[in-house]
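**Student:** Residue-level listing of the chains:
Protein chains: 2
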Amino acid sequence: MSDHDFKSPSVEAFLERLGSDAPTPGGGTAAAVTGAMGAALVAMLANLTIGRKKYADHEELMTAIAEEAEIERSRLLELAADDAAAYEAVGAAFKMPKDSDEEKAARTQAIQSALKGACDVPLAVMERCLEVIGLAKTSVQHGNKNAISDGAAGAEFARSALRVAGYNVKINLAMIKDEEYAKQARTRMDEMEYMGANAATWIDSRVNEAWSS
Amino acid sequence: MSDHDFKSPSVEAFLERLGSDAPTPGGGTAAAVTGAMGAALVAMLANLTIGRKKYADHEELMTAIAEEAEIERSRLLELAADDAAAYEAVGAAFKMPKDSDEEKAARTQAIQSALKGACDVPLAVMERCLEVIGLAKTSVQHGNKNAISDGAAGAEFARSALRVAGYNVKINLAMIKDEEYAKQARTRMDEMEYMGANAATWIDSRVNEAWSS
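Chains as they are written, first to last, in this note's numbering: chain X, 1385 to 1597; chain B, 1385 to 1597.
Pulled out of the complex, with its shape left as it was, chain X reads as follows:
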């Protein structure tokens, strides 16, 4: 749907739409875009390392990181659109008729199913962001020292996106009645937040070390 295309509008138009009272795009879409920004910065550090004699030992690794980061950037931009679609599906389900018992049951089922979709998308955003943070870690470790702040910035934005995507998982989980699903989703979310925080702390201390040496 062209309505969920957040790639083609200009940066300014996207931000204007984000700021409006339209229900989408909202924080979830912004998280996916911020994650994509993080992936781009990791690719930048890798691309600024490739081809430099001093880092020739890590040429292959950095080429792989640049490719992976670019794939994550594209995936996250897809998820930006998926997030808006999933959010709107919840709204549409809530608007279903509820006059008869049959209608009520169908509506409840549609809401519950849409809520799972609205959890699955930010969970996928979190997963991609965690991947970006992992790539950032390796790129900061072995990449061009003069550009490691770009990799660290990439990790910071991916971490921020991971946290905001987590907000949306929490909000939707609170309304999901399937306890088994909710339990698994919560566990995954907690694990990812923990791993993301750990990696971010590592990158922070590594970068501060590099700057003070």
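Heads up, a few of these hints could be off.
Where chains are identical, the list cannot tell them apart; a pair therefore holds if satisfied intra-copy or between any two copies.
With a Cα cut of at most 27 Å, we get these calculated DSS-like pairs of lysine-lysine [unchecked claim]: (1) Lys1567 with Lys1554; (2) Lys1437 with Lys1500; (3) Lys1529 with Lys1437; (4) Lys1488 with Lys1561; (5) Lys1438 with Lys1479; (6) Lys1529 with Lys1567; (7) Lys1391 with Lys1482.
The hints are simulated quantities; they were obtained by calculation from the structure and are not laboratory data. Fair warning: this is a prediction, and the values are worked out from it, not measured in the lab.
Start from chain X and add chain B according to the hints.
**Tutor:** For chain B alone, kept in the frame of chain X given last:
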């Protein structure tokens, strides 16, 4: 300069350029754009509050917040361009001739002056982001409960942008010889990081409280 126009390119084109090995845009520009994204999300929460009977008491406040946040969004997009220009000015100064003593002196002076510019821009980004976090705080406190996650997301992104802008201040400060300037810049930076972290923690606990009640 059209080369520093990060408003008109599509989101996808901007991210592609960010990921390339071109020296700009880099983390500093990305920080300003992320701050603008934070401002847009604060405007979103305010706009989703305005006109709702339940929040009529805060109508004026929310209208002011929406306006302020939209101004910050524009300012931050301007700063995204300024950051790239300031970074390139440093590169240009380093490329100045250094054959004679006169040339060396002129080059050193140009570098030092450009480095101050490359500190001033991220410091201004930090200031705008701190403002956005303040607006987020008020909007989360008095805004539409159903949309406070958007305000919290806005604060999170502004906080993240503030930290990344801080990286660039640190990197450039390390090369600045004017100790008085460096001392003042460092103090402002530390204050803003502290205030940003405090406000973000407050928003986090407020949002978690709202979700668990």
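**Student:** Now look at each hint and say whether the structure bears it out.
**Tutor:** Right, here's what the structure says about each hint:
no.: 1; hint: Lys1567 with Lys1554; in the structure: within (11 Å within a copy, 43 Å between copies)
no.: 2; hint: Lys1437 with Lys1500; in the structure: neither (49 Å within a copy, 31 Å between copies)
no.: 3; hint: Lys1529 with Lys1437; in the structure: within (13 Å within a copy, 55 Å between copies)
no.: 4; hint: Lys1488 with Lys1561; in the structure: within (16 Å within a copy, 72 Å between copies)
no.: 5; hint: Lys1438 with Lys1479; in the structure: between (61 Å within a copy, 21 Å between copies)
no.: 6; hint: Lys1529 with Lys1567; in the structure: between (42 Å within a copy, 25 Å between copies)
no.: 7; hint: Lys1391 with Lys1482; in the structure: neither (37 Å within a copy, 45 Å between copies)
When each numbered hint is compared with the structure, violations occur for hints 2, 7.
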